[in-house]
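Chemist: Using the hints, position chain B against chain A.
Protein sequences, first through last, are from chains A and B.
Numbers given in the numbering used here equal positions in the first sequence, counted from 1, plus 19.
Numbers given in the numbering used here equal positions in the second sequence, counted from 1, plus 19.
No lab work stands behind these hints, which were simulated from the structure alone.
None of these values were measured; they are calculated from a predicted model.
There may be inaccurate statements among the hints.
To be verified - Straight-line Cα separation of at most 25 Å, DSS-like style, residue types lysine-lysine; simulated pairs:
hint, chain 1, residue 1, chain 2, residue 2
1, B, K111, B, K123
2, A, K374, B, K230
3, A, K230, B, K92
4, B, K230, A, K92
5, B, K334, B, K374
6, A, K92, B, K92
7, B, K92, B, K230
8, A, K230, A, K334
9, A, K219, B, K92
There are 2 protein chains.
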Amino acid sequence: MKTPSPFRSTAQLMMVTLMLAMTAVAQVQAKAASRVTEFTLGNGMQMVVVPDKRAPVVTHMVWYRVGAADEPKGVSGIAHFLEHLMFKSTDKIPMGEFSKIVAKLGGQDNAFTGHDVTSYFQRISKDRLETVMGMEADRMVNLRLTEKEVLTERDVILEERRSRIENNPSAILDEQMDAALYYSHPYGIPVIGWEHEMAKLTQADAMSFYKRYYAPNNAILVVAGDVEANEVKALAEKTYGKIPATPNAVRDPRPQDPPHRTARRLVLKDPRAGKASFHRDYVAPSYTTARPGEAEALDILMKIAADGPTSRLYKKLVIEEQLASSAGGGYYGSGLDGTKISLYAVTADGVSLEKVETAVDATLDEIIKNGVTAAELERAKNGYIAEYVYDNDNQNNMARRYGWSLAVGRTVKQIESWPDDIAKVTLEDVKKAAAQYLDQRRSVTGLLIPEAPNATEQAVKPAAPANRS
Amino acid sequence: MKTPSPFRSTAQLMMVTLMLAMTAVAQVQAKAASRVTEFTLGNGMQMVVVPDKRAPVVTHMVWYRVGAADEPKGVSGIAHFLEHLMFKSTDKIPMGEFSKIVAKLGGQDNAFTGHDVTSYFQRISKDRLETVMGMEADRMVNLRLTEKEVLTERDVILEERRSRIENNPSAILDEQMDAALYYSHPYGIPVIGWEHEMAKLTQADAMSFYKRYYAPNNAILVVAGDVEANEVKALAEKTYGKIPATPNAVRDPRPQDPPHRTARRLVLKDPRAGKASFHRDYVAPSYTTARPGEAEALDILMKIAADGPTSRLYKKLVIEEQLASSAGGGYYGSGLDGTKISLYAVTADGVSLEKVETAVDATLDEIIKNGVTAAELERAKNGYIAEYVYDNDNQNNMARRYGWSLAVGRTVKQIESWPDDIAKVTLEDVKKAAAQYLDQRRSVTGLLIPEAPNATEQAVKPAAPANRS
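Chain A with its partners taken away, still in its complex shape (with noise of 0.2 Å):
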């Protein structure tokens, strides 16, 4: 996709749609009836409608239950190749004129490529919404490639990834720590692709992709704006209606990682680093696995261990001892097989990254150890509700809260009950989960260091164990 958006580029979209992600959630409905509708078309085409009346506007919003981690062995990128390439042509539509087409209509187009899910969407004015579904239907099965524009649009993701991820010290270490991270699971791929697989994408691996999921019985439709569920419905049957299921569109299960059980950590030298920076990331169960009320104590957990300027990290490492220019982290919780806790530091002029390190894992320990307190549990309760209610002012945001969570199998109940459940998690249960997960094993420790890489050094130091001589 060639188009300058600000969600033109995949890593840049992926670092924006991780950040709504774990907000997403927080974005729901309070203990109001659900504003939404939900149908189902005959060919199991799943369907949201979320009424939205301040504009006569409509988010059209097309998502598929596939994404990096379905693809097949040694075929890496292929899931955001394809999205590429969806851009191309139909039968209809001449070769990229797609979001030309919607830009004339006055409207606005993207599309983004995670591990768990593919989707395409459209802003547009309510009375356009006809046309977008019928060209997202036509692309949804009339896809047209020729081999001359699948070669130079993978010319495009290959400089993409240079771009994004070679240019960035900080990407570098990020596919590094996945591919640490996880040991079986295709999570530890990065979604845009090793480079030596995405040079060998063909055709062929697109269009088996493409035939394999993209169908209406592995889609979701979520419509957000100025438009009835009755009307939404009829348009839906005239268009996506009309598409037959493909039997076998549905992902098999992807493999899953054994229990995570040592402390991985590695580094990364990289004269472009800026300031030297600690990274940690855990394995911990999502929204979709973990089991009643975890993820919520999680949600809870890091947003006062490391979210903003109040959190435990920020105001130990950067404003009491000043170990940090900036502190930070995050739980994402929207991954279909479990997903990870992040958390970083940057180092303050002077200050060893040993020092940081310590101090990250002090402000940890102490949570262990003692929890939190019941002032801390209260504010993030009411951030979290304060989030979400000024999220739903986003039309984007709310229909991307609805695709995001039904993609990775959860229900328009869950989602709309989560104001509820973030407000029954205890002190005991953040302590509890604190104590589960952040557990060193299941993590790997990265270390961004700004020097030129000596091949033959040795990277860190050794432990220092108790038996030291």
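Modeler: Only chain B this time, still in chain A's reference frame:
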């Protein structure tokens, strides 16, 4: 496989076999013309006959070009499980009688599963060769399983995993290190399988793997012993030759890793560990993947660096500095998709792992900077020649040498030119190989510490980077 035999347990056999494999490459014929006869049956089955007339016995080995690294995603352990199930029954062999029949004929039999190969072998008097060929050909295509036997045997492999891996902290550490060493390649998944996936293996999984890969066009027969090639050929045509080739029996390429760019490390604390020990693995090219001369240089390098009491590592750590009670390592050149270099050192009483690691790295740095000496090079070459001459006395090892190497894509000519190729290695080749492949960014360092794990403590202290405060 329940019969108590020294090679009956796969984990044990794997260790033995890796050691053999390391030297196997060294065990080829010198300048003399090849003693072996090669031919191929009409169905594509490759045959090698190795004469050995010292006793009226033969070693009969079938090698399949498939192993654990060819398993479908999420079905880890199926290659090894199938190897067990191959001893169950066919229409001709009653349940569990295969090995008993071989034993009644005065022979011994066994089998082995690795990441790249699976082999089945019998050692038996020469007049029984036709019988075991018939039995092996029979179970290549006529395996019969029942759900009950499959479930019983699944308990056997789960128990094997418990005894060989879970009761052995070094084996647990090895698994963790492999999982961290490989980013995408299935060499990161243990041959025996992850326990949670083994527990779900089914008869259908086993039969699917069997039907796909067990076929004459995906097999190599090696017969070593007191037998003429024309006799073997006649018998093979009567047995294996009757089996039709299977389309698609040849394995697909595995996903290859991207460049390894960060030194990784991990700690396993286990009160059963004995003395604290240091371990390091580096990814390296194998004889199949290396540029000409490179694998030979790695063999020489690691013999000098780490093989036995005259190695640099042993002399420095154990004899001179008395930091370690043992130390060693090697290069395992037989991998289809590359391989690894491994090093270890066990701490002496009262010595810290930090001191041991520093000494290991100093030993390697010295070789990287100054290379090895002409005397060391000469001694290493002579050592390999002595080993292969010695090893030619072992019929089983000779058969294994040819079978394994052929199964990972080498030719008889390459196998037999190995002494010449080793003789060509120069001091410069060794220094270059050390500089290129003893790069810590290609490595995982593992520390095994005899303590109870503390869930939240910091497993390894952080780096002491240049910007230390």
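Chemist: Determine for every hint whether it applies to the structure shown.
Modeler: Status of each hint after checking the structure:
{"no.": "1", "hint": "B:K111 to B:K123", "result": "holds, 16 Å"}
{"no.": "2", "hint": "A:K374 to B:K230", "result": "violated, 58 Å"}
{"no.": "3", "hint": "A:K230 to B:K92", "result": "holds, 21 Å"}
{"no.": "4", "hint": "B:K230 to A:K92", "result": "holds, 21 Å"}
{"no.": "5", "hint": "B:K334 to B:K374", "result": "holds, 15 Å"}
{"no.": "6", "hint": "A:K92 to B:K92", "result": "holds, 8 Å"}
{"no.": "7", "hint": "B:K92 to B:K230", "result": "holds, 17 Å"}
{"no.": "8", "hint": "A:K230 to A:K334", "result": "violated, 51 Å"}
{"no.": "9", "hint": "A:K219 to B:K92", "result": "holds, 21 Å"}
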